[in-house]
Amino acid sequence: MAEAAVETAAAPWALLAAVLLGALALGAACLDGVLAACAEGVPARVGLRAPVARTAALLRQRRRTTVAADGLLQRAGGGGLVVAALLMVAVVPLGGHALADLPAGVVWFNAMDVLVWALVWLAGWGGDSALALVGGYRFLAQALAYELPLMFALTAPAVAAGSLRVADVAAAQDGLWHVVWMPVAFAVYCAGVVAFSVQGPFAPPAGLDLAGGVLTEASGADRLLLQAGRYALLAAGAAFAVPLFLGGGAGPLLPGWAWVLLKAGLLLAALVVLRRRVPAVRPDRFLEAGWLVLLPAVLLQLLVVAVVVVGRG
Amino acid sequence: MGLSLDRLALGGTRVLVAEAPGARVVRAAVERAALGRGWGLASSPAQAGVLVVCGAPQQRLQEAVDRVWDQLPGPRARVGVLVPQDAAPALERAAGHLADRAEQRRDADARGAGPGAGGEEGDDGGHGDDGDMSDMGMAPAGVPLAGGDEDRDGLEMDVLQVPLGPVLPAWPAGLVLRCALHGDVVASAEVEVLAGSGPGGGSAASRAADGAARLLALAGWDDAAAAARRARDALLDGDDARAGHVLEGLRRRVARSRALRWQLRGLGRLDGAALAEHGLPGRLGGDVHDRLLALLDAAAGDPRYTGEGDPDSAAAADAAAADAAVVAALPALVAGLDLAAARLVVASLDPEPVPERRVARG
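As they're listed, the protein sequences go chains A and F. If you use numbering that gives the first Met the number 0, the first sequence corresponds to residues 0 to 312, in order. If you use numbering that gives the first Met the number 0, the second sequence corresponds to residues 0 to 361, in order.
Since the hints were made in silico from the structure, they are not lab data.
Simulated restraints, written as ranges between beta carbons of each label pair:
hint : chain 1 : residue 1 : chain 2 : residue 2 : range
1    : F       : Gln-84    : A       : Arg-276   : 31 to 39 angstroms
2    : F       : Asp-238   : A       : Leu-273   : 26 to 34 angstroms
3    : F       : Arg-104   : A       : Pro-42    : 28 to 36 angstroms
4    : F       : Asp-270   : A       : Arg-61    : 47 to 55 angstroms
5    : F       : Gly-111   : A       : Leu-58    : 16 to 24 angstroms
6    : F       : Gly-146   : A       : Leu-15    : 49 to 57 angstroms
Backbone N, C-alpha and C fix where the C-beta goes; we use that ideal spot for every residue, glycine too.
Using the sequences provided together with the hints, build the complete structure.
Next comes the structure, spelled out in structure tokens:
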């Protein structure tokens, strides 16, 4: 298969990537604010500016520690989520450029989402608080359920493209997007993204029943980083879906980079809207579903993809 | 510039609500007023800028509220609300306190370096009642290490003594459930009710709508919980037509949701024998999902909840007895459940602790 041409962007462009990721994440938070305001019967403009107001409030709030907290690890966990999200988008080609054109970019993304296991758990563990600790362990239970299906969902497009390089996977969808002929892998991937961002139905690690779970003891800037990290991860997951399943930068009229951003934004909005429509999934139930339904389903999908690839010769 | 940033920050304030038994209508009014001005509800003290005390807590509950107040990071404001009409003005007062930079600076200076450095009320020695601050040999920073015990699978597990309540979101007012946790499984629990008073729980229908809102919020379905809150507020306004309209749509969504049924089915099931054993009324039969639908039906006017509005009626006495029976049965009902399930079971039973003390206003 022909190598897709992608240039490695110079280091300063990483700032632009961070700004774009931040804009996507903020957009998602604002959309969520509007939806919440509508459900609550409050004017939509109040919800629209809620994330900005909340950010200002958290910046103004004092930092708070608990007795015998492990501050270093707690803050590493909280601050690490944003870093993991930035490292995820580093391998996403924007038009003809990527920050890092890794030969195993798909594996890189997978490694970053496994990093989230440690980060969320540390955020819960570091505070030396029972409810936060339970939240951290809840995330691990949840991760055991989503990680393997997510891994195989990432494998399917790579098998179809015969390459682990993200640009090659994007280029392999000439004419037929992967989402069309591997819908199960796409659905499982989206569920995995929502799960590693601790959002919507997969928010029990930060659940109300634990008084905020991994967020229980976080205040001020620490809390802001955790919350921003959750949205940044959701945005990064949506952005990575574009080269993997949604044809990369392919599209009429607009340049490639615009299509990548547009598709990522639309998928992100869809995830934000959909995740509000379902109640939370208790981790013990999800574990059952992950291993008995999602994993077999995505393995079957992988089998279909492999047979098609072999048949094509 | 600095001032406009303060104004913006004020709009993102989160409110932590501490509720005394019998102050359900006050809490409802506070939640409504907070959400109405674009503020959110806090799930823990760390998140909150404002602590609103609903009703009049008596001594032990007051101590717990004081301890929660110490945990607010600041800038912070604390207001008390005794009647629903005072909710919005009280939040306005709180906003004034938050915006007052000099006052916040004084508060911060008075508090010292961090937690355990003593709040403004000094070390009065009255805070030791949770039993986990005593000086023990193996106690880093004064906190004893977890003890060990055999769990239900015969493995040695750390045991943590974790009190649930009295200031916890979506939790019955004044209730404290002292749990011995094996991991996140409640091995055993003791129940206690901290007294306080408020103007009452509202009509039976509004109380049921409030219970449904809490249960749905705990189940992680924010939109449905918001709808239940709107129905509750309409009922408290006496706008039965609007409440009926909202409840009809909500009931349909809840009954149709397969995801919700998958989460709640089989949880906390009470059959006839269990009901009789604990002296619980028949409306609490079935599992958490059944009880959620029953709450929604009761909110829509189904006469399964009766007499709450009239404190003199025999039905009200029955309801009070039923609440007392639920509270007494809680330790048995949550033992062996994980925390998420235990919280859902407690919320589905939705007790109003010690209603007989509701009239005792100080």
